[in-house]
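**Student:** The task is simple: from the sequences and hints, build the whole structure.
Below, each chain spelled out in residue letters.
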Amino acid sequence: MDNLNLSKFCIRLGDHCLIMAHRQSELCSNGPFLEEDIAQINLGLDLLGQAEALLIYAAKLEGGTRTADDLAFRRPERQFHNFMLTEQPNTDFAFVIVRQYIMSLYLLKTYQALSKVEDDTLSGIALKALKELTYHERHFAMWLKRLGDGTEESHERTQTAINELWMFVGELYEEDEIDFMAQKASYAPTGIEMKTFLMEHITAKFSEATLETPHSIYMTTGSKKGIHTEYLGYLLTEMQYLQRAYPDAKW
Amino acid sequence: MGAEELNVLFQERIDANDKIEPRDNMPEEYRKHLIRQMSQHAHSEVIGMQPEGNWITRAPSLRAKKILLAKVQDEAGHGLYLYSATETLGITRDELIEKLHQGKAKYASIFNYPALTWADMGAIGWLVDGAAITNQVSLQKTSYGPYARAMVKICKEESFHQRQGYEIIASMAAGTDEQKEMAQDALNRFWWPSLMMFGPHDSDSPRSGNAMKWKIKRESNDVLRKRFIDKTVSQVELIGLTVPDKDLKWNEKEQSYDFGAIDWDEFWAVIKGGGPCNIKRLKHHKKAHTDGEWVRKAAAAYAQKQAKN
Amino acid sequence: MSEVKDTQGQLWEVFIQTKKGLPFKHFGSVHAYDKEMAIQNARDLYTRRGEGRGMWVVPADAIVAIDSSDDESFFDPSNDKVYRHPTFYELPDGLKNM
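The listed protein sequences correspond, in order, to chains S, Y and U.
Residues in the first sequence are numbered from 1 upward in steps of one, following our numbering.
Residues in the second sequence are numbered from 252 upward in steps of one, following our numbering.
Residues in the third sequence are numbered from 561 upward in steps of one, following our numbering.
Just so you know, these hints were derived from the structure itself, not from any lab.
Possibly wrong hints are sitting among the right ones.
[What the hints assert, rightly or not] SDA-like mimics (lysine to any residue), calculated; alpha carbons at most 25 Å apart, straight line:
#1 Y:Lys-270 / U:Val-624
#2 U:Lys-595 / S:Pro-247
#3 U:Lys-595 / Y:Asp-542
#4 Y:Lys-464 / Y:Arg-282
#5 S:Lys-131 / U:Ile-599
#6 Y:Lys-431 / S:Asp-70
#7 Y:Lys-404 / U:Ala-620
#8 S:Lys-250 / Y:Ala-421
#9 Y:Lys-392 / U:Lys-579
#10 S:Lys-250 / Y:Lys-270
#11 Y:Lys-317 / S:Leu-242
#12 S:Lys-250 / Y:Glu-418
#13 Y:Lys-355 / U:Thr-567
#14 U:Lys-579 / Y:Glu-408
#15 Y:Lys-482 / Y:Glu-505
#16 S:Lys-128 / U:Arg-613
#17 Y:Lys-355 / U:Leu-571
#18 Y:Lys-431 / S:Thr-134
**Tutor:** The following block contains the structure:
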């Protein structure tokens with residue numbers, strides 16, 4: 001994989017982490033109880049650290065004309081490549097748990113492949129992230145069981161979150177040229193491998209939590225081409241405000 | 252043993268600098284004073300997450316975002332240490348939260364001021380945490396064991412908070428004209444409320460008598476306030492900002508700063524609910540609590556089912 | 561199912577081993593609704609700075625403590641049993657490996 005394409009590959013992964021970290025940090029001081037507040041911030045911090053490491057490396061691969069901060073704070077919506085799932089709002093705690101559980105599985109599988117590549121920087125990032133994601137998956141799965149098999153209300157809310165978020169899952173195993181290049185270099189699993197991994201884990205965990213996995217729903221697509229839901233615009237407006245308002249300032 | 256005799260024994264232990272532990276005999280007034288002070292301290296950490304949490308999503312760099320997120324998380328953690336320490340006095344966290352929501356328990360008034368610009372993240376870390384640390388260092392020697400131990404842990408973890416704040420202000424003070432202006436403005440707005448954090452003058456502090464006698468409080472409001480001013484003024488000057496107090500001057504004889512009159516009317520007004528954010532802070536806390544109810548119930552229900560199996 | 565009460569969960573005591581081989585020490589308490597959650601909450605609260613290698617959580621109400629008004633009768637009798645402490649014994653200089 002040449003540097004420019006590898007950089008694009010890293011930006012995609014970095015964008016998933018960055019946007020999820022943003023959503024996680026929105027939960028700060030809004031948790032159902034203080035211990036969970038702290039837990040969610042921890043997970044957000046892990047994702048932010050991964051985003052930073054990936055964007056720093058992507059900036060370097062690009063040739064150094066942009067910094068990681070430029071990538072995070074100066075790109076417009078259409079140049080962001082995070083999955084639409086990652087930008088979905090924290091409608092309620094169930095939406096957070098479902099979104100993050102599915103993304104934890106995606107990141108686990110992704111980092112597993114990346115941890116074995118010869119590129120020391122990337123395998124280093126992936127090895128560290130792999131430990132973090134193992135814990136994320138455990139934490140979100142724990143909640144999935146409690147919400148799915150808790151009260152009638154929690155069950156209903158969680159099933160609603162699953163149903164409303166399901167159309168965004170298809171993107172996680174979609175492929176384009178960059179993916180094919182990454183797969184060829186063994187940097188990423190194939191779409192089929194990813195889909196099988198996700199579906200096996202999701203259906204098993206959902207059923208353990210007495211939740212239904214939706215069937216034959218239309219899967220939306222577009223983030224690889226910079227297409228998003230309307231939520232991303234607001235998110236970036238907030239995230240990029242200072243850098244945009246004071247372009248000459250250093251912080 | 253009669254109550255009076257127990258109280259004499261208790262005071263002897265205090266005077267001998269013994270630490271009081273949860274199951275020890277203690278006067279009811281001592282227990283009540285601790286619950287009031289410690290829960291106020293815990294609530295302050297938790298409500299204090301809001302003004303800073305408000306800026307995490309707008310932090311201007313990935314590094315700043317990471318640090319601020321970690322810092323606010325520490326505050327949540329400190330809130331938990333303090334709630335746990337308060338619970339050893341025989342009160343539950345549910346009760347403590349209820350008292351906060353009913354307005355019967357207070358939190359530090361400083362958090363009723365808004366965080367308007369990124370420079371405020373600097374001012375809060377530097378001045379507000381700085382004032383809090385001055386107080387907390389002194390409280391590490393407080394007479395109630397669980398409170399003292401919580402303070403030791405908190406002081407250890409907070410050492411990075413003040414540096415984080417000062418770094419933000421310092422880099423803005425050295426930045427563009429707009430940044431400099433924001434830095435000075437933040438200092439102007441947070442200076443006096445930070446001095447108020449130490450509480451009324453010793454002469455107007457009705458509860459201090461018992462608190463000092465029982466060694467809950469180890470140093471007076473005015474002593475701590477002066478210590479804070481003395482160490483902060485040079486930090487202000489170092490980065491080219493100005494303390495917003497025209498009466499501030501070095502007193503050679505006392506080797507300490509003389510400072511202007513604090514607006515105690517404002518202090519009492521904000522405590523009594525007149526700050527710009529009193530309503531907002533409490534509403535936010537109540538909303539998170541209400542929104543979380545179904546989650547807590549789900550967790551409790553799941554645990555009940557597991558226990559039956 | 562009966563109506564579930566809204567609470568902040570149960571209180572658990574947290575014991576952490578900071579290095580492999582060292583004893584577990586009491587670090588503080590945490591709230592949680594069950595044991596799986598308790599150990600995760602303890603991890604997130606008490607090992608934010610990498611303090612932990614091993615961890616126990618114990619329901620607070622499972623801990624048996626003595627009353628402090630009893631502490632003299634409980635502990636003082638062993639104060640005079642200095643022979644339990646290794647420094648009690650006078651041994652010849654140069655003795656090794658004991």
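**Student:** Determine for every hint whether it applies to the structure shown.
**Tutor:** Hints, verified against the model:
1. A hinted pair counts as satisfied when its Cα atoms are at most 25 Å apart, and Lys-270 (chain Y) with Val-624 (chain U) qualifies at roughly 21 Å.
2. Using a Cα cut-off of 25 Å, the hinted pair Lys-595 (chain U) and Pro-247 (chain S) is violated, with the two alpha carbons roughly 50 Å apart.
3. A distance of roughly 24 Å separates the Cα atoms of Lys-595 (chain U) and Asp-542 (chain Y); the hinted pair therefore holds under the 25 Å criterion.
4. Restraint check for Lys-464 (chain Y) and Arg-282 (chain Y): satisfied, since their Cα atoms lie roughly 14 Å apart, inside the 25 Å limit.
5. A C-alpha spacing of about 17 Å is found between Lys-131 (chain S) and Ile-599 (chain U), which places the hinted pair at or below 25 Å, so the restraint holds.
6. Restraint check: the Cα-Cα separation between Lys-431 (chain Y) and Asp-70 (chain S) comes to about 23 Å, which is no more than 25 Å; the hinted pair holds.
7. Under the criterion of a C-alpha separation no larger than 25 Å, the hint pairing Lys-404 (chain Y) with Ala-620 (chain U) is consistent with the structure, at around 21 Å.
8. Distance hint between Lys-250 (chain S) and Ala-421 (chain Y) is fulfilled; the C-alpha atoms sit about 12 Å from each other, no more than 25 Å.
9. As the CA atoms of Lys-392 (chain Y) and Lys-579 (chain U) are separated by approximately 28 Å, the hinted pair breaks the 25 Å bound.
10. Of the pairs offered as hints, the one joining Lys-250 (chain S) and Lys-270 (chain Y) is violated, with about 49 Å between alpha carbons and a cut-off of 25 Å exceeded.
11. Restraint check for Lys-317 (chain Y) and Leu-242 (chain S): the C-alpha separation of about 16 Å stays at or below 25 Å, so the hint holds.
12. Only pairs whose Cα atoms come within 25 Å are accepted, and Lys-250 (chain S) paired with Glu-418 (chain Y) is accepted, the gap being roughly 12 Å.
13. Distance restraint check for Lys-355 (chain Y) and Thr-567 (chain U): the Cα-Cα separation of roughly 20 Å lies within the 25 Å cut-off, and the hinted pair is therefore satisfied.
14. A C-alpha spacing of about 20 Å is found between Lys-579 (chain U) and Glu-408 (chain Y), which places the hinted pair at or below 25 Å, so the restraint holds.
15. Pair hint Lys-482 (chain Y) plus Glu-505 (chain Y) holds up; C-alpha atoms about 14 Å apart against a cutoff of 25 Å.
16. Proposed proximity of Lys-128 (chain S) and Arg-613 (chain U) is supported: the alpha carbons are some 17 Å apart, at most 25 Å.
17. About 24 Å separates the Cα atoms of Lys-355 (chain Y) and Leu-571 (chain U), which keeps this hinted pair within 25 Å; it holds.
18. Taking the CA atoms of Lys-431 (chain Y) and Thr-134 (chain S), the gap is near 44 Å; set against the 25 Å cutoff, the hint is violated.
Hints 2, 9, 10 and 18 from the earlier list are contradicted by this structure; the remaining hints agree with it.
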